[in-house]
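Place chain B on chain A using the hints.
Given next are the chains, with one letter for each unit.
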Amino acid sequence: MDKLLEVKDLHVSFKTYGGEVKAVRGVNFNLYKGETLAIVGESGSGKSVTVKAIMRLIPNPPGKIVNGEILFDGKDLSKISELEMQHVRGKDISMIFQDPMTSLNPTIKVGKQIMEGLIKHQKLSKKDAYERALELMRLVGIAQPEVRLQQYPHQFSGGMRQRVVVAIALACNPKILIADEPTTALDVTIQAQILEMMKDLQDKIDTSIIFITHDLGVVANVADRVAVMYGGQIVEIGTVDEIFYDPRHPYTWGLLASMPSLDTDEQTELIAIPGTPPDLIHPPKGCPFAARNQFALAIDYEEEPPFFQISETHFAKTWMLHPDAPKIEAPESVKARVRVMPGNFEKPIQVEGL
Amino acid sequence: MTNNEKLLEIKNLKQYFNKGKSNEVRAVDDISFDIYKGETLGLVGESGCGKSTTGRTIIRLYNATGGQVLYKGEDVHGKKSRSDIKDMTRHMQMIFQDPYASLNPRMTVGDIIAEGIDIHGLSKGKERQERVFDLLETVGLNREHASRYPHEFSGGQRQRIGIARALAVEPDFIIADEPISALDVSIQAQVVNLLQKLQKEKGLTYLFIAHDLSMVKYISDRIGVMYFGKLVELASSDDLYKNPLHPYTKSLLSAIPLPDPESERTRRRVAYNPSVHNYQDGEELKMREVAPNHFVYCSEKEFKEYQASYVK
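Line order of the protein sequences matches chains A and B. Under this note's numbering, the first residue of the first sequence is numbered 1, with each subsequent residue one higher. Under this note's numbering, the first residue of the second sequence is numbered 355, with each subsequent residue one higher.
Just chain A, same shape as in the assembly (with noise of 0.2 angstroms):
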């Protein structure tokens, strides 16, 4: 497959009074062509922080990006100038937010935030723009496109501004479609329609996705590959299939025990992840989740763990998988969805980086 992005080594920091928050430490991945990859962790995990890189949407100061390349298209997007960066946004990567209330203009048309980026970037007439907006707007499923352009976001329900907003993002064929969170806001039943009509956009045009989220459910649903983010790094990634039914990372299994399937009964008691996500002005040594891991070997307090390649897609950044590791049983609940992995490789193999 063709890799469409690279991201090597990226460090993000934020200058506050506290002291240096260090929110993204040395992230690595690769984006294929026509890819979905979903992006999980909590709040603080850095996804966010991640993608906004990529953007260059950190605001500067207090933010910085400190180290690192983002490489798309022969350049580094981390080192070119912001107007050559304006070429780049809303052109050949574009982003969906988390809030769909905030995120579109209230007091301008919704038509001519549509049109916007197609006057500028793919240099249409007035004229075309518009017959292009209503394209998009029957491609993003929004009825009486003529009527509704002519209107403003507060005339949207949520779910129908998500669609705007899809619109807009789409509107000069991005390469790249980044979407932080594009359901969190909205109603199940909204959310189901908005990820079917992703989906279906997909197909039609080939964009590759990447999918910021902190629900499982959803990742299952979109997800082609999915990277783990805790403490500013990626700790676990993998096809999806290999970190539901494979899991190898403490904190995925952590993930994955605490929320109930539908068959849980209420006899079996949810197994929480105790304590709180690491201070990531001082970020622990060794392993960042060693503080809220029951299996925590005594390295990880000292020593940071390299990544294991469990096969050709999969990796987790934990010393459980040495060698020399005690052989460490997964909880009940993980050990339920664990199925053999035709690619595994015989055993893991310790990599440098991804």
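What the hints contain is simulated information worked out from the structure, not anything from laboratory work. Do not take every clue at face value.
[Claimed, not checked] Subject to a maximum C-alpha distance of 25 angstroms in a straight line, what follows is the list of computed SDA-like cross-link-like pairs (lysine to any residue):
no. : chain 1 : residue 1 : chain 2 : residue 2
1   : A       : K335      : B       : R623
2   : A       : K335      : B       : K604
3   : B       : K554      : A       : A272
4   : B       : K554      : A       : L270
5   : A       : K204      : B       : I471
6   : B       : K596      : A       : R337
7   : B       : K375      : A       : H154
8   : A       : K335      : B       : E400
9   : A       : K199      : B       : T620
10  : B       : K666      : A       : P145
11  : B       : K584      : A       : I190
12  : B       : K604      : A       : S261
13  : A       : K199      : B       : I471
14  : B       : K551      : A       : H154
15  : B       : K556      : B       : R619
16  : B       : K604      : A       : T184
17  : B       : K556      : A       : K33
18  : A       : K335      : B       : K584
19  : B       : K596      : A       : Q193
20  : A       : K199      : B       : K551
21  : A       : K335      : B       : R621
22  : A       : K33       : B       : R619
23  : A       : K285      : B       : F507
24  : A       : K285      : A       : K33
25  : B       : K554      : A       : K199
26  : B       : K554      : A       : G159
27  : B       : K554      : A       : E42
28  : B       : K556      : A       : R337
29  : B       : K604      : A       : G159
30  : B       : K596      : A       : E42
31  : B       : K554      : A       : K33
32  : A       : K204      : B       : D566
33  : A       : K126      : A       : Q155
Showing chain B alone in chain A's frame:
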């Protein structure tokens, strides 16, 4: 369910806003159900369906437009003096959705928790202090936390403070209005486990309002589904998932994404269109008992169809 003693009876409850004006909103429109002692009743539905309003009207944060809420046989909304209301609210408490907005930022955690104790004059001085420490420890915080302010706590910890405050006056009945939807997945399980533990220890009764159906299924004994101010289906939680009868319930269940890629690939979503009912004039719509303890809001004709389609 352990027993069938009714703790709360909600009868034909109505809550209209802007009544009689052109912008009248029937947030809760003539709903009836009972809550049994010691159970957890889940209330689900999408935003704007009236589930939160139902909770708030039960505890008399709003004055009901019509109908009755009987707590141990006594009407919450009847004519009452201030002290009567005070007596009543001691037995009912509420946990709110947003742990950031529901705690007064200018009060210490100790004072927030003890506010109810002070209002009801339950204890004073050293005894009050001990009680606060006890409550903090019950919800998994430290006694040192009593002198701190809410901004020093994370979302999950704040929700624990909200729970401690609700427990302070030793209520029998707690309304939890989306208590976990503002929290992270890993923290949600902590709070749910705490609520379950407290229910076992103190014999509490919960009305659990939420839109996360998998969590509701897990925590509830029975579940009520609301749609546009109406209660459309009420059944035990297993039965509701096994035998959803009302088309809206079916649509809601088909929309929840599950953390299982395989079932997601084969998922077929059912959309709900209210016109499928095709009700004729003069048909009486009401809650009917299709199977034991399984109620659906339907017409006589649908009632027969539902009965036929019910799988035992």
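Structure versus earlier hints, numbers of those that do not hold, lowest first:
1, 2, 5, 8, 10, 13, 14, 15, 17, 18, 20, 24, 25, 26, 27, 28, 30, 31, 32
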